[in-house]
Structures are given as C-alpha cells and as structure tokens.
Amino acid sequence: MTSMPRDSKTNTSKIAQPQKRGGSSSLRLRNLKYYTSQSLKSMWRNKFMSLTSMLTVAACMVMVIASFAATSNMSLFLSHLENTVGIVVHIDDELGESQRVLLGQQLAAADNVANITLFTPDENLDIMAEMWGDVHGVFRMAVEDERNPLSYTYLLQLDNVRMKQETINTISAFFGVDYIDHSMEVADTLVLANNFIAILGIVIIGVLAILSVAIITNTIKLTVNSRRNEIIIMKYVGATDWFVRWPFVIEGVLIGVFGSLLPLGIIWFFYDGLIENVLQSTLFQALLNDFPVRASGEIFPIAAPFILIFGMVIGTLGSITSMRRHLDV
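Under this note's numbering, think of the first position of the sequence shown as 1, with each following residue one higher.
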C-alpha cells in the first residue's frame with residue numbers, strides 16, 4: 001500500500017481549519033446589495049421576532065416624540081409667560097415725579113428685566129374696572145371728586161421667568177418700592193412641570209431603549225443560529241469576520257429605522273388635528289384658553305433626523321451585542 005506523503009496530512013490540516021480574520025472589511029458598494037438582501041431575507045424568516053423588535057422600537061420612539069413635543073410646548077408657554085405674566089411694582093405714594101423717573105431707570109437697568117411700563121392711578125382704575133366687568137362705571141363714580149386710592153405702578157416683563165425670584169429680591173431693595181405683586185406659584189408650577197416631563201421622558205426612553213436593544217439582540221441571535229452552517233462554510237472559504245457581520249448589522253439598523261418611521265409618520269400626520277381638538281375642548285379652554293402650541297412644521301423637521309438616528313443606534317447596539325457572543329464559529 002502506498003503511503004500518503006508526509007506533508008499531505010499537514011496540508012489537510014491547514015484546509016480543515018477555518019481562517020480567523022480579524023480585519024475589518026469595508027462596506028463596499030458592490031457588497032451592499034448582497035448585505036441588504038441577506039438582511040431582508042433574515043427579517044422575513046424571523047418575521048415575528050423582527051415585528052416584535054420594530055414595535056418595541058416604535059413604542060420607544062412614541063415616548064421620544066411625545067417627550068420632545070411636550071417639552072417644546074412647555075418651553076414655548078414659559079416664553080409666553082415671560083411676555084404676559086410679569087412683576088407689578090407698586091410705588092410709594094410719597095415719591096415725586098423725578099423720583100419715579102429715577103426708579104423707573106433703575107428698574108429698566110436691572111438684570112432679567114426686558115421691558116417696563118408705567119401705569120398711573122387712573123389707568124390702574126380703568127384696568128380694575130375692566131377686570132371686574134364694571135360696564136356702568138361704578139368704580140369711576142366711587143372715586144369721583146375723591147383721591148384715587150390706587151398708586152403708580154411699573155409692570156416689568158422678564159427675559160427669563162425661571163429667574164423671577166432673583167429679580168424680585170433685587171428690585172425689592174430699590175428706594176421707593178412699596179410692595180411687589182407677582183404670580184410666583186404659576187411660574188414655579190410650570191417650570192416644575194417642564195422639568196418633570198423632561199426627566200420622566202428620559203427615564204421612560206432609557207427603559208424602552210434597553211428593552212429594544214434586548215429584543216433586537218434576541219432577534220439577531222435567532223438569525224445567527226438559523227444561518228450557523230452557512231456562516232461556517234463562508235468562513236472556511238475565506239470570508240472575513242466583517243463580511244459575515246455586515247448583514248446582521250444592517251438587519252439591526254433596518255429594524256431600528258422601520259420601528260422609528262412608523263410612529264414618526266403616524267404622529268406627524270395626526271399631530272395638528274390632535275392639538276386642535278385639545279385646544280377646542282371645554283376643559284382646556286377653561287384652564288388655559290390662550291396656551292400657545294407649536295405646529296407640526298416646527299417640531300418634526302427637528303425631531304425626525306434625531307428619531308431616525310436614535311433608531312439606527314438602538315438597532316446597531318442590538319446587533320453588535322448579539323454578534324460578540326454568537327458569531328464566534
């Protein structure tokens with residue numbers, strides 16, 4: 001019997017061992033079609049898990065969009081307050097005209113004061129009559145031939161309603177200031193609500209993002225297991241690690257993008273109608289009948305790129321997390 005050459009066994013051993021290539025294969029255009037087709041086939045084979053992953057990403061994106069819209073509208077309302085809810089400074093009755101002018105200059109120069117307006121006692125009386133619905137002029141007749149008990153006031157509009165208390169502390173020390181009227185509770189409540197919505201949105205988004213990554217990871221795991229023999233053959237014939245990995249990366253990205261596009265398109269389409277219905281509701285008009293809101297054209301052109309990128313990041317993280325342990329074949 002003819003014996004096998006000594007180096008034949010060695011050569012067979014070399015062929016039998018898969019080539020471990022750690023180098024990164026670039027995402028070339030000629031390979032992109034193959035990668036994408038493999039990703040779509042894989043998503044179709046595991047359509048239930050892929051759909052579950054997309055819906056989880058979609059739920060996460062709904063919270064992202066809702067949080068962004070709520071925070072944006074709350075910030076707009078705070079800006080609205082800065083122009084409508086100011087500080088009313090009542091002037092000491094003993095001040096002369098020159099001292100009132102000097103006080104006005106000090107108030108205008110104070111930090112966080114955007115604009116000031118002087119109201120005379122007669123103007124304040126007219127404002128009070130209008131607020132109380134005094135169409136018959138009872139207030140005016142009550143002070144006729146008598147000294148108007150109301151004082152001169154300055155209405156201060158602020159640059160930043162969040163710094164309202166600091167502004168009050170500053171101007172209360174000015175000479176000639178009798179007392180100050182302000183609606184601190186409204187401003188504090190809205191600032192607190194704005195911060196709460198932002199923090200709650202971040203927490204919920206974080207939890208859903210982690211859940212999305214976990215579900216996408218399981219989806220990729222199923223794909224890897226179903227193609228395990230194919231992957232082994234590809235690596236035997238010299239495919240690089242990244243040539244094997246790219247279809248799974250693209251699959252995760254597609255899951256993230258599709259899961260982001262669904263809620264983004266639906267909410268964008270229905271946002272203006274939903275806001276209009278809310279504004280016209282009896283409860284809303286009774287509480288905040290002049291609440292300013294942002295239209296969809298102000299929110300979604302800014303939010304859409306972020307939503308899509310965030311979805312891609314979630315999908316990519318799910319793929320990479322899965323491949324670290326399950327592509328070592």
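Worth double-checking, as some hints may not be accurate.
To be verified - The list that follows gives simulated cross-link-like pairs (lysine-lysine, DSS-like), each with its CA atoms no further than 25 Å apart:
id, residue 1, residue 2
1, Lys221, Lys47
2, Lys33, Lys47
3, Lys221, Lys41
As the list claims (entries may be wrong) - Listed next, with one range per pair, are the computed distances between beta-carbon atoms:
id, residue 1, residue 2, range
4, Ile202, Ile180, 43 to 51 Å
5, Ile275, Glu123, 33 to 41 Å
6, Gly297, Ala59, 20 to 28 Å
7, Gly297, Ala173, 42 to 50 Å
8, Val191, Asn31, 46 to 54 Å
9, Ala59, Ser172, 24 to 32 Å
10, Ile168, Val203, 14 to 22 Å
11, Ile202, Ala173, 37 to 45 Å
12, Asp272, Arg228, 44 to 52 Å
13, Ile202, Thr170, 31 to 39 Å
The hints are simulated quantities; they were obtained by calculation from the structure and are not laboratory data.
Every residue gets a Cβ at the ideal spot worked out from N, C-alpha and C, and that includes glycine.
Hint-by-hint comparison with the structure:
no.: 1; hint: Lys221 to Lys47; verdict: holds (13 Å)
no.: 2; hint: Lys33 to Lys47; verdict: holds (20 Å)
no.: 3; hint: Lys221 to Lys41; verdict: holds (15 Å)
no.: 4; hint: Ile202 to Ile180: 43 to 51 Å; verdict: violated (36 Å)
no.: 5; hint: Ile275 to Glu123: 33 to 41 Å; verdict: holds (37 Å)
no.: 6; hint: Gly297 to Ala59: 20 to 28 Å; verdict: holds (25 Å)
no.: 7; hint: Gly297 to Ala173: 42 to 50 Å; verdict: holds (46 Å)
no.: 8; hint: Val191 to Asn31: 46 to 54 Å; verdict: holds (53 Å)
no.: 9; hint: Ala59 to Ser172: 24 to 32 Å; verdict: violated (50 Å)
no.: 10; hint: Ile168 to Val203: 14 to 22 Å; verdict: violated (33 Å)
no.: 11; hint: Ile202 to Ala173: 37 to 45 Å; verdict: holds (39 Å)
no.: 12; hint: Asp272 to Arg228: 44 to 52 Å; verdict: holds (50 Å)
no.: 13; hint: Ile202 to Thr170: 31 to 39 Å; verdict: holds (33 Å)
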